[in-house]
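Quick note: the sequence shown uses my numbering, first residue 5, plus one each step.
Derived by calculation from the structure, the hints in this document are not laboratory data.
Among the hints, erroneous ones may be present.
To be verified - Computed Cβ-Cβ distance ranges for the label pairs, DEER-style:
#: 1; residue 1: Thr38; residue 2: Ala114; range: 37 to 43 Å
#: 2; residue 1: Ser127; residue 2: Asn92; range: 49 to 55 Å
#: 3; residue 1: Ile130; residue 2: Asp37; range: 51 to 57 Å
#: 4; residue 1: Leu110; residue 2: Val83; range: 21 to 27 Å
#: 5; residue 1: Gly93; residue 2: Ala67; range: 49 to 55 Å
#: 6; residue 1: Asn120; residue 2: Lys44; range: 27 to 33 Å
#: 7; residue 1: Gly133; residue 2: Asp99; range: 47 to 53 Å
#: 8; residue 1: His85; residue 2: Arg134; range: 56 to 62 Å
#: 9; residue 1: Val100; residue 2: Thr23; range: 15 to 21 Å
As the list claims (entries may be wrong) - Computed cross-link-like contacts, BS3-like style, restricted to lysine-lysine with a CA-CA straight-line distance of at most 27 Å:
#: 10; residue 1: Lys14; residue 2: Lys42
#: 11; residue 1: Lys107; residue 2: Lys44
#: 12; residue 1: Lys107; residue 2: Lys42
#: 13; residue 1: Lys88; residue 2: Lys42
#: 14; residue 1: Lys107; residue 2: Lys14
Predicted model, so just to flag it, every value in this text is computed and none were measured.
For glycine and all other residues, C-beta sits at the position ideal for the given N, C-alpha and C.
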Amino acid sequence: MNIFPSSIQKMEQALSTSTLKQRVHAGNIANVDTANYKSKQVNFQQAMEQASASQMKSYRTDARHLEFQNGAGATPVTVNHNTKMTPNGNNVDMDVEMAELAKNQLWYNAVTERVNGKFSSLSSVINGGR
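Given these sequences and hints, build the entire structure.
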């Protein structure tokens with residue numbers, strides 16, 4: 005039984021993908037001085053398409069828990085082998101990574117606000133408009 009609209013599930017997938025992007029960019033920044041490290045990136049559109057196409061059930065520890073879908077398996081992380089930024093073979097561009105982190109943070113905040121709005125609307129309906 006699914007009590008949440010599909011838009012909330014899509015936003016859940018968007019938040020999961022945004023979290024993945026945050027981890028990838030943080031990993032790139034952490035390895036900025038690692039010799040021969042190649043930067044990684046996440047294709048957001050591809051991640052959302054994969055998450056939508058391959059809905060996997062989450063593990064429930066109790067039969068009374070609500071079922072929900074997640075984007076497990078949707079990890080379209082690619083390694084950038086095309087550029088060479090430093091003599092040691094590392095291609096992490098700190099300016100690009102910081103800009104991507106900022107852009108991703110704005111996206112995450114926007115989706116979070118939208119989820120909060122949806123839950124606020126549901127709460128209002130449940131409480132009879134009060």
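TODO: Please test the hint of 15 to 21 Å on the beta carbon pair from valine 100 and threonine 23.
DONE: Given a distance of about 20 Å, which is inside 15 to 21 Å, the answer is holds.
Task: Range agreement (Cβ of valine 83 with Cβ of leucine 110, hint 21 to 27 Å) - done: Taking Cβ atoms as reference, leucine 110 and valine 83 lie about 25 Å apart, which means the hint holds.
Open item on the list: For lysine 107 and lysine 42, compute the direct alpha-carbon distance and say whether it is at most 27 Å.
Closed with: holds (21 Å)
Open item on the list: A range of 51 to 57 Å was offered for this pair. Does it hold for the Cβ distance of isoleucine 130 and aspartate 37?
Closed with: holds (52 Å)
Task: Status of the given 49 to 55 Å range, CB of asparagine 92 versus CB of serine 127 - done: holds (54 Å)
TODO: Check the following: the C-beta atoms of glycine 133 and aspartate 99 are separated by a distance inside 47 to 53 Å.
DONE: holds (49 Å)
Open item on the list: Check whether the Cα positions of lysine 14 and lysine 42 lie no farther apart than 27 Å.
Closed with: Violated, because 31 Å separates the two Cα atoms, which is more than 27 Å.
TODO: Decide if the proposed pair is consistent with the structure: lysine 107 and lysine 44, CA atoms, cutoff 27 Å inclusive.
DONE: Holds: lysine 107 and lysine 44 sit about 16 Å apart, inside 27 Å.
Open item on the list: Does lysine 42 sit within 27 Å of lysine 88, going by the straight-line distance between their CA atoms?
Closed with: Cα-Cα ~9 Å, so holds.
Open item on the list: Between the beta carbons of threonine 38 and alanine 114, is the distance compatible with 37 to 43 Å?
Closed with: violated (32 Å)
TODO: Look at the Cβ atoms of histidine 85 and arginine 134 and judge whether their distance stays inside 56 to 62 Å.
DONE: With a Cβ separation near 58 Å, histidine 85 and arginine 134 satisfy 56 to 62 Å, so the hint holds.
Task: Range hint 27 to 33 Å (beta carbons of asparagine 120 and lysine 44) holds or violated - done: Since asparagine 120 and lysine 44 have Cβ atoms about 30 Å apart, the given range 27 to 33 Å holds.
Of the numbered hints listed earlier, those contradicted by the structure are 1 and 10.
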